[in-house]
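Chains A and B are the protein sequences, given in the same order. With this note's numbering applied, the first sequence corresponds to residues 214 to 500, in that order. With this note's numbering applied, the second sequence corresponds to residues 132 to 395, in that order.
Some hints here could point you the wrong way.
[Unchecked claim] Once the Cα atoms are required to be at most 27 Å apart in a straight line, the calculated BS3-like pairs of lysine-lysine come out as:
| # | chain 1 | residue 1 | chain 2 | residue 2 |
| --- | --- | --- | --- | --- |
| 1 | B | Lys391 | A | Lys322 |
| 2 | B | Lys299 | A | Lys322 |
| 3 | B | Lys391 | B | Lys299 |
Don't read these hints as lab results, they were simulated from the structure.
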Amino acid sequence: MPPAKNVIQVKGLRKSYGSLTAVDSLDLTIEEGEIFALLGPNGAGKTTTVEILEGYRSRDCGEVSVLGFDPATRGDVANAWRDRIGIVLQDSADGADLTVEESISHFSKYYSRRRDLDQLIEAVGLDEKRKYRVHTLSGGQRRRLDVALGLVGTPELLFLDEPTTGFDPQARRAFWDLIKTLKEDGTTILLTTHYLDEAEALADRVGVITEGKLIEVATPATLGGREQALAMVSWRDESGVLREESAVDPTSILRRLLNEFDGEIPALSVKRPTLEEIYLRMIGQSR
Amino acid sequence: MSRVVQALRIGVNRGILEIKQFNRAREAVVFTIAFPVILLFIFGSIFDDEIAPSVTFSQYFVAGMIASGLVNSGFQNLAITIPMERDSGALKRLRGTPMPISSYFIGKSIQVAYSMSLQIVLLLFFGSLFFGLEIPEFGAKWLAFAWIVLLGSLSATVLGIAFSSVPKSGRAASAVVSPIVIILQFFSGVFFVFSQLPGWMQQFAAIFPLKWLTQGMRYVFLPDSFATQEVAGEFELGKIAIILTLWTIVGTLIAIKTFKWMRR
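This is chain A alone, in the form it adopts within the complex (with noise of 0.2 Å):
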């Protein structure tokens, strides 16, 4: 395989509002093929890096590059490069009176690598619904749309932004494994999420802000310190009580409690700490 390239690099970035400085001194680099989830609490200038990165935002100093471009950057080079993104937002209400398939069709002249309409619409699952007005769709399935406008222009780069907001968990899988495709395809994805399971199941790396900082980039099984934090095993004794150990090695108490008990060893499970403890925690420790 060629060396990864970086898609996203950002140095020493930095975006105040008023006395709020929002954004502080933050370093990213997100790399080509990668699933990259931004995690962090509200207001801790996770959106205003994205917003940053996607070019809405101006910042007031660091270093950007996205896809090898300046996102501050205005005019028609801006729109090649926005050519070569697709961005997926939070909370979008627009084109209530088109339908499915009117808005994707419309969405794609705007592109110059257009996606095949009917494929797109299958992928994302919209198929029973290309001839409805978008007002009649349910939540999970107008998110579904906003995916489909965000991949239209087949982009290099997606910013998702808290995709599966709303969705039953039969629906979150089916779009999770929608992500998973588009990453064997060679997308670079960055995500931002306040589901932790989500960040778990689909990305390589996940980055934590707080207070403007990236306070640690990791992979979800190694965030925080995760691979050796203590993990927990439970289990009934014989008098039913219900008893727990925690160990930095849960295999020696199991194989403890394997000589104990003739068979099945009652309610018996090992806990490790999930992502989301790991997470709150760290977001504790930094306030």
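Take the given structure of chain A and dock chain B to it, following the hints.
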């Protein structure tokens, strides 16, 4: 050159899409198309006395309503719908695509032209059928009608875009914009005969385009003899052209400077 063609092509596509959406949003159709016709029937039926030799108030009023139509479908329509599009995230989404900015405004202009034509045709139809409006013979008056509609719709369109940054939200837009239009209609010789209004009202109205549009439409649709009833004793076509052009330039500059794609 190809960029210009591309912007135009996408702009026309946007225009078609805008018209589609306009037709499907029934409230908007009723508001901008049927409302002026309803007003025409109410005012035209109540006040049908002669205000000058062989000119009834109904005729005067139809001319004023056609002028108002330009302001409704240009200024009022855009100053209300653009803040709503900003709120719904439509503008932000568009800004994130490679759509040329000019295409958005080309699309808006096409939609304005469409709803304005519908409105004018309806007013001309009902006005001539029921309220004694006389469609002038081919010639100077048609020419004047053409450039007044063109300059009027241009100025109303750019001013609507310029004003779209004023309302704080899509919901507030209608409450901010509609009173301005209604007050201007009262002051500019739509609901009342302009020359009978208090002097300060006349002078205030003379700052804004609507007063000049109504005057121009009176030149087109009332007999030439009515010129003596105008405040200046004539229809002042030159002045109308200058003032509408000035507003178009000012509106364009403000629109370029202040247009916002995002909330906040």
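Results for each hint:
no., hint, verdict
1, B/Lys391 <-> A/Lys322, "23 Å, holds"
2, B/Lys299 <-> A/Lys322, "31 Å, violated"
3, B/Lys391 <-> B/Lys299, "11 Å, holds"
Of the numbered hints stated above, the single one contradicted by the structure is hint 2.
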